[in-house]
Amino acid sequence: MGLNTLGVKIGGLSLNSPVIMMSGIFSYGEVVLDYLDYKKLGAIVTKTVSLEPRKGNPQPRVWEAPSGMLNSIGLQNPGIKAFIKKGLPAVRKNGIRIIVSVTGNSAEEISGIVNLLSAEKIDGIELNLSCPNVNRKELMAAQSPEMTWLLVKAAKKECGRIPLIAKLSPNVTDITAVAAAAEDAGADALSLINTVRGISVDVEKMRIMEGGLSGPAIKPAGLRAVYDVFRKTGVPLIGMGGIASGRDAVEYILAGASAVGVGSGFFSNPFLVDEIYRALGDFLKNNGIKKLSCASGLLNEKEKKQAGQPRRKRKV
Amino acid sequence: MEAKNLTVCRNARLAEHLYLMEFEGAFTPPALPGQFIHIKIDGLFLRRPFSVAGQKNNRLAILYKVVGKGTEILARKKGGETLNAIGPLGKSFPVIKKWKNVYLAGGGTGIAPLIFLADKLSGEDVKITFFYGAKSRGCIGFEILPAGINFVFTTEDGSYGDKGLLDRAVCGFIGKNGRPDVIYGGGPAGLLKKIGRISEDFSVPAFVSLENRMACGTGICYGCVTKIKTGSGWEYMRICKEGPVFNTKDIKWD
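So the protein sequences, as listed, match chains A and B.
Numbering-wise, our numbering puts 272 at position 272 of the first sequence, and it's gapless, one number per residue.
Numbering-wise, our numbering puts 186 at position 186 of the second sequence, and it's gapless, one number per residue.
Everything labelled a hint here was simulated from the structure, so no lab data went into it.
A hint or two may mislead.
Ranges between beta-carbon positions, derived for each pair [what the hints assert, rightly or not]:
1) A/Asn286 x B/Lys78: 47 to 57 Å
2) B/Glu156 x A/Asn16: 35 to 45 Å
3) A/Asp34 x B/Gly138: 23 to 33 Å
4) A/Lys304 x B/Ala189: 53 to 63 Å
5) A/Asp34 x B/Glu200: 33 to 43 Å
6) A/Ser67 x B/Lys78: 21 to 31 Å
7) B/Lys229 x A/Ile289: 33 to 43 Å
8) A/Pro53 x B/Gly175: 40 to 50 Å
9) A/Lys285 x B/Gly231: 53 to 63 Å
List of simulated lysine to any residue pairs, SDA-like, C-alpha gap at most 20 Å [as the list claims (entries may be wrong)]:
10) B/Lys229 x A/Asn57
11) B/Lys69 x A/Ser245
12) A/Lys285 x A/Ser245
13) B/Lys40 x A/Asn57
Ideal placement from N, C-alpha and C gives every residue a C-beta, glycine not left out.
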């Protein structure tokens, strides 16, 4: 399969591959892994950067869970200024497309950080509205459609021509309402889903490990979110959550994703990116589908067709 | 670094709480003492990191203790079975030519990088003293100890070597024989912290290999961090990337 069939457009961003390293699992893109075929990666999303440096959470930060893991890194990062000065040049050397994940506690903070980034040569900005490991007693922005709208709007005003992606949380009553708010505020694309809040109990030490659950355990939740949000919005979706095989990626595309995010599954399987790339190509070939965008949301479209509804035109 | 399948060629219980696993199939570039490999264990999501205890010809060895599900599964592995591993990872022990009098101090599976280092250094013009601490005689992995090296044993119950803790033996030895040029350490955090104290008290550089739960093993997730002193205070640094070997003067112990 050539590059073109798997090339995708997400919120105005053209990628050679629909496989994206999602935020949090690939540092800032500066680490070179000898066994990874970077040509098969469409882009990488950096760890989330905040206005001020953050030390991150104390140990333990990672924990095995049934079919997955809990993490509680707590957005450790050097702050936006140090990132732009030291982090960005190091990633650029690797020649990969870079989407910078950012967060902020208020519209002002988000405006500030996006403003600083808007002058940089980057390929996209992802607004992390859904980290489960900071300010645990408060709501995440993505748990409120109003707050989501406000923060996406603030970022959109400052990001200029850089595509803006909003990353949403599955820890909500109705993710489609939040997605609709993000779209209305100007998000060019949505990343679905962030981790699912959970705890593990350490019986021996009589303590809990609190964090965000990822891995195959959450794949059904991610698919549900993508499937539902695809019907409710018109923006491209980056589907993620529990992708551990090529087939998982195909499922996300059929449910409505335009591209897929690789997360903690990459820790288990260092060849996951290759496997997904191959599986998506094979799927298109075996089903006589010309390009990946034609397969996105095929399940939804099939259902709509049966119900006699017209196909909804999606933005790219 | 590489990600490849290693074939188990030996999996043996050496002593109480101490297992040795040897693989056919080493890494390119070869592992150095202090580096680790990250092993995928069937049925578990996260890989498990193990310090390399030796790599020679096409063979690589690790030591482990059965502490949970992962190591339970490892202990049941038979010769011929394969395990996928990523390696070699992390930073190795620094070795400087002018360090001619070297102390190694460790206990439990923490001796893995030290026996690897001792083996590497034994061909050189270096005087090596290896301090090995254990709970009791039954916990000592005699079989894997390199030959031609001066060993000082301590056991908590006195069943072998000196009775007591390892750090006391190191201090006593320095008192009698003078300071070494460097101390290398591996094992439980409590012991490594004490090695840091010895390093300070006697003004001897010391390097220890830290352990932690890991997710990526390659520096991309920041799950395994520990507090490292910086000019203005401290920062969480990655045991898998900036470590696992750290200079004890840089470690901020909790």
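Restraint check for B/Lys40 with A/Asn57, where alpha carbons must lie at most 20 Å apart
With a Cα-Cα distance of about 26 Å, the restraint between B/Lys40 and A/Asn57 is violated, given a limit of 20 Å.
Range hint 21 to 31 Å: satisfied by the CB atoms of A/Ser67 and B/Lys78?
26 Å, holds
Kindly confirm whether 53 to 63 Å is satisfied by the beta carbon distance between A/Lys304 and B/Ala189.
59 Å, holds
Mind checking the hinted window 23 to 33 Å against the Cβ distance between A/Asp34 and B/Gly138?
Violated - the Cβ-Cβ distance for A/Asp34 and B/Gly138, about 42 Å, lies outside 23 to 33 Å.
Just to be sure I understand the hint, the distance between the Cβ atoms of B/Glu156 and A/Asn16 should be within 35 to 45 Å; is that true here?
At 60 Å between Cβs, range violated.
Range hint 47 to 57 Å: satisfied by the CB atoms of A/Asn286 and B/Lys78?
38 Å, violated
That 33 to 43 Å hint for B/Lys229 and A/Ile289 (C-beta), does it hold up?
56 Å Cβ-Cβ, so the 33 to 43 Å window is violated.
Is the distance from the Cβ of A/Lys285 to the Cβ of B/Gly231 consistent with 53 to 63 Å?
56 Å, holds
Pair hint A/Lys285 and A/Ser245, alpha-carbon separation not exceeding 20 Å
Status holds; Cα separation ~18 Å.
Taking the CB of A/Pro53 and the CB of B/Gly175, does the distance hold inside 40 to 50 Å?
44 Å, holds
20 Å Cα cutoff - pair B/Lys229, A/Asn57
Roughly 17 Å separates the two Cα atoms, so the pair holds.
Pair hint B/Lys69 and A/Ser245, alpha-carbon separation not exceeding 20 Å:
24 Å, violated
When each numbered hint is compared with the structure, violations occur for hints 1, 2, 3, 7, 11 and 13.
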